[in-house]
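So you can see what is in the structure, the chains are spelled out below.
2 protein chains.
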Amino acid sequence: MPGYDLIVVGAGIMGLASAYHLKLNNPSKSVLVLDRFGAPGQGNTGRSNSMFRNTFTSSDNQVLANTSIDFYLHLQNELKLDIGLQLIGYLWLLSESQVARTERYVRGMKRNGIEVEEYSVEELRRLVGGVVTNLGDDEESSVMGLEDISGAVFGPKCGRLDPEKLVRFYANEFTRLGGKIAFKTSVEGLLLGPSRKLGIEGEPLVWQEAEVKGVRVTGGITGELEAKSTVVACGAWNNELLEPVGVDGHVKAKKRQLFSVSAESDGPLLSLLHTKGFNDLGLIPMVILPKSGVHFKPVSEERKFWIACEDEVNRPYINIPDRDLDSYRAEPSYYERGVHPVLAAYFPQFRNARPESMWAGLYAYNTVDYLPYAFREGNLIVVGGDSGSGIMKGDALGRIVDALYRERGDASLYGGVPYAVSKIGFERRDVKREEWVI
Amino acid sequence: MPGYDLIVVGAGIMGLASAYHLKLNNPSKSVLVLDRFGAPGQGNTGRSNSMFRNTFTSSDNQVLANTSIDFYLHLQNELKLDIGLQLIGYLWLLSESQVARTERYVRGMKRNGIEVEEYSVEELRRLVGGVVTNLGDDEESSVMGLEDISGAVFGPKCGRLDPEKLVRFYANEFTRLGGKIAFKTSVEGLLLGPSRKLGIEGEPLVWQEAEVKGVRVTGGITGELEAKSTVVACGAWNNELLEPVGVDGHVKAKKRQLFSVSAESDGPLLSLLHTKGFNDLGLIPMVILPKSGVHFKPVSEERKFWIACEDEVNRPYINIPDRDLDSYRAEPSYYERGVHPVLAAYFPQFRNARPESMWAGLYAYNTVDYLPYAFREGNLIVVGGDSGSGIMKGDALGRIVDALYRERGDASLYGGVPYAVSKIGFERRDVKREEWVI
Chain A
1 MPGYDLIVVG AGIMGLASAY HLKLNNPSKS VLVLDRFGAP GQGNTGRSNS
51 MFRNTFTSSD NQVLANTSID FYLHLQNELK LDIGLQLIGY LWLLSESQVA
101 RTERYVRGMK RNGIEVEEYS VEELRRLVGG VVTNLGDDEE SSVMGLEDIS
151 GAVFGPKCGR LDPEKLVRFY ANEFTRLGGK IAFKTSVEGL LLGPSRKLGI
201 EGEPLVWQEA EVKGVRVTGG ITGELEAKST VVACGAWNNE LLEPVGVDGH
251 VKAKKRQLFS VSAESDGPLL SLLHTKGFND LGLIPMVILP KSGVHFKPVS
301 EERKFWIACE DEVNRPYINI PDRDLDSYRA EPSYYERGVH PVLAAYFPQF
351 RNARPESMWA GLYAYNTVDY LPYAFREGNL IVVGGDSGSG IMKGDALGRI
401 VDALYRERGD ASLYGGVPYA VSKIGFERRD VKREEWVI
Chain B
1001 MPGYDLIVVG AGIMGLASAY HLKLNNPSKS VLVLDRFGAP GQGNTGRSNS
1051 MFRNTFTSSD NQVLANTSID FYLHLQNELK LDIGLQLIGY LWLLSESQVA
1101 RTERYVRGMK RNGIEVEEYS VEELRRLVGG VVTNLGDDEE SSVMGLEDIS
1151 GAVFGPKCGR LDPEKLVRFY ANEFTRLGGK IAFKTSVEGL LLGPSRKLGI
1201 EGEPLVWQEA EVKGVRVTGG ITGELEAKST VVACGAWNNE LLEPVGVDGH
1251 VKAKKRQLFS VSAESDGPLL SLLHTKGFND LGLIPMVILP KSGVHFKPVS
1301 EERKFWIACE DEVNRPYINI PDRDLDSYRA EPSYYERGVH PVLAAYFPQF
1351 RNARPESMWA GLYAYNTVDY LPYAFREGNL IVVGGDSGSG IMKGDALGRI
1401 VDALYRERGD ASLYGGVPYA VSKIGFERRD VKREEWVI
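Going down the list, the sequences are from chains A and B.
For the first sequence, position 273 matches number 273 in my numbering, and the numbering has no gaps at all.
Take any residue in the second sequence, note its place counting from 1, add 1000, and you have its number in my numbering.
Hints may be right or wrong, so weigh each one.
To be verified - Taking CB as the label site, the calculated pair distances span:
1. B:Thr1218 x A:Gly199: 24 to 32 Å
2. B:Gly1415 x A:Ser59: 36 to 44 Å
3. B:Asp1138 x A:Arg176: 53 to 61 Å
4. A:Ser195 x B:Asn1112: 33 to 41 Å
5. A:Thr222 x B:Gly1223: 46 to 54 Å
6. A:Ser195 x B:Glu1140: 13 to 21 Å
As the list claims (entries may be wrong) - Straight-line C-alpha distance at most 25 Å; calculated DSS-like pairs for lysine-lysine:
7. A:Lys423 x B:Lys1432
8. B:Lys1423 x A:Lys432
9. A:Lys432 x B:Lys1432
10. B:Lys1029 x A:Lys423
Said to hold, decoys possible - Output of the computed footprint for chain A on chain B, the stretches with three or more beta carbons under 8 Å from beta carbons of chain A:
11. 1203–1210
12. 1239–1251
Just so you know, these hints were derived from the structure itself, not from any lab.
From the three backbone atoms N, C-alpha and C, an ideal C-beta is built for every residue, glycine too.
Turn these sequences into a full structure, and let the hints guide you.
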């Protein structure tokens, strides 16, 4: 049975960031990455909205995102690697009650050095043409429970990037350092065995120490692969590998949908896309509306908007998702009756906008506190639970996985920022639930 | 569609204790309990080892168990209800390292008024005939990693009860108060609908408030049952109802096995059963060995021991268990190769003891911190996650469910002990992980 020092399961952002930092810091160790798909980031990483922000209420989210964003900026600005990063910013449009709640968030963020700006409704109207801040006595808006916009908050160190370009960077660097990736190879299970083999039937028995010995694979490679340490970084599929060996993956998936609308031949939408005053690119930021987290972002190179929303209503949790992601489809009626009426009420430019394409992906929720986790049990390391913000924290999580492997109490995040890895484990978890969710 | 003020799903200890306290404190409300089985406690409640203890490191576990035990003692001693309660005590036999660790636990418990006694190995040997505290150079013991016994801890306010008698008490009192129970009625799903119905296709839509409107049932009753509030108390099956409406049940099940050994015609085993000095009944307490939580308890009325063990090795977590509990079977080889060698090493009386019957049940683990939870989301109340100690905390949890229903910040546990219900919710959860697990 072929053996490796380390096997990393999953070639999405979590797996590849982990593999890269592991190989970088443990150059003499043999590291193999396994993935069902044919290329990096073809699971939920590639289906995501791929936005990033450093504006969180949780100080752990702040540091995980902020240092990762700094690393991504370093890649693009200093190493001149194109990862499609655009600092367009996030613009939250807030109802009166949201303004009141957000003031506390903003104070907390400023205290921690997170840049964030507040706008009055007048400033907002001056900057963003066509936005409806006062809904008047519009009956449809009233039925939907929409509220007037009373203010806005802008996060400048927020934006978008190209997740496939980012994971290709990690994959390329990892292989350049001597790491191996086996694509189209499906991990069917973890191998569990006794720490000290006795040759007795039924091992590991109740009184024996047991540990993960590697993985069972089919596809590109078939059979059993031995590993001294195994990293599970399968995102929404963590439970599939972990439950059979009695470890909880602490994750439940939910379908999230994205709708793409063209601004190509639409004057008002094109004007909205090229709204100036927020960033150096002369683009409208990602805009989050006061209701149900409905939001849109500019995809300037294609003259499109991507539209989505927070989606708690009647949306099942999935413990172990279907392996075929195409079985999770976007629903036209969801846009039509759910998202679009809210969008068009605040931005009449979208009144006639119909999606030209739509797709779905899965969020991997850590339902305990909606923050990511990384923990080690013996020679098994698990990372996940990003709850929809994995790409923006991916680099930090990769460094934390490496610190867990090397049994360091602190990971050194980008910029030399120390982070106590036990904080996002479960045994001594010490994080505050994120309050600012989209 | 028939309507109730309250529907409680599950007629195990959690559901019936909840139903009783709900009906008692809300006598004008109509309360219906639904259960798949034909009688109270026929799921995992009736398959459990049905032991109780107040000896926990978590102060929340202490108060939940201690007040529930007080209530059960009140039932049996003052109300003269036979619930099969025997205060036999728990006796932990400890290795040297366990003695060191346990000292801290014991100090913490004594500080909180929990009775607990420490024994030297000499006292132990004097009290318990035949126990092997010094394993010498026994090769099998060495292979199994068994350690000598260096001391013991005894909890006197611990023991056993008859879970079916206990749940019948709750069921009888609940129906006497006017509550209804529909057995052989399977809840197939929760009904989710908009809080304010608009008559639009696809309700509840993204921008609508949604809430649980009742349940969909088959069996004894078939169809939809409306309820103003719904309590999910399905133990290991909580996820089955909650995931489809996007709520995490925070529970994973694991199979646990019990083996019954007769002491009927076995002199040494019968002597062990009737070990004096620990309780008024002249019975050996529940005894927990230093390895893998192997333990046995006396079932004096049948002259039997029930034997089990802590079972982490190679034992899968189950997210949604099979409805047919008989599909989880006890494994003879598990006793033979796993449990028995440990048992016989410390208690040679068991050397030839073979189980005359065996069965399995499911623990419903809250994998976050192994303490039970109870929370409310709108008009949905969820209780569970007892992680194998639900019966001993059942009464307290029932009172907490009632407090959640009445939107009281504090529940009044038996004896008038106040308990802030938010502590065992998830939004503001404030409990310490239990360290003393069996």
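Evaluation of the provided hints:
For threonine 1218 of chain B and glycine 199 of chain A, the hinted distance range of 24 to 32 Å is not satisfied, since their beta carbons lie about 51 Å from each other. Between glycine 1415 of chain B and serine 59 of chain A, the C-beta spacing of about 41 Å keeps the proposed range 36 to 44 Å intact. About 55 Å separates the C-beta atoms of aspartate 1138 of chain B and arginine 176 of chain A, a value consistent with the hinted range of 53 to 61 Å. In this structure the hint that serine 195 of chain A and asparagine 1112 of chain B lie 33 to 41 Å apart at CB holds, the actual value being about 37 Å.
Between threonine 222 of chain A and glycine 1223 of chain B the CB atoms are about 50 Å apart, so this pair conforms to the stated range of 46 to 54 Å. The beta-carbon spacing between serine 195 of chain A and glutamate 1140 of chain B, approximately 18 Å, falls within the hinted interval of 13 to 21 Å. Note on lysine 423 of chain A and lysine 1432 of chain B: the hinted pairing holds, with a Cα-Cα distance of about 15 Å set against a maximum of 25 Å. A distance of roughly 15 Å separates the Cα atoms of lysine 1423 of chain B and lysine 432 of chain A; the hinted pair therefore holds under the 25 Å criterion.
Among the hinted pairs, lysine 432 of chain A with lysine 1432 of chain B is consistent with the structure: their alpha-carbon atoms are about 15 Å apart, no more than 25 Å. For a cut-off of 25 Å, the pair hint linking lysine 1029 of chain B to lysine 423 of chain A is broken: about 45 Å separates their Cα positions. Counting residues of the region 1203–1210 of chain B whose beta carbon lies closer than 8 Å to any beta carbon of chain A gives 7, which reaches the threshold of three, so the coverage claim holds. Given as covered by chain A, the region 1239–1251 of chain B passes the check, having 9 residues with a CB less than 8 Å from a CB of that chain where 3 are the minimum.
The structure does not agree with the numbered hints 1 and 10 stated previously, though it agrees with the rest.
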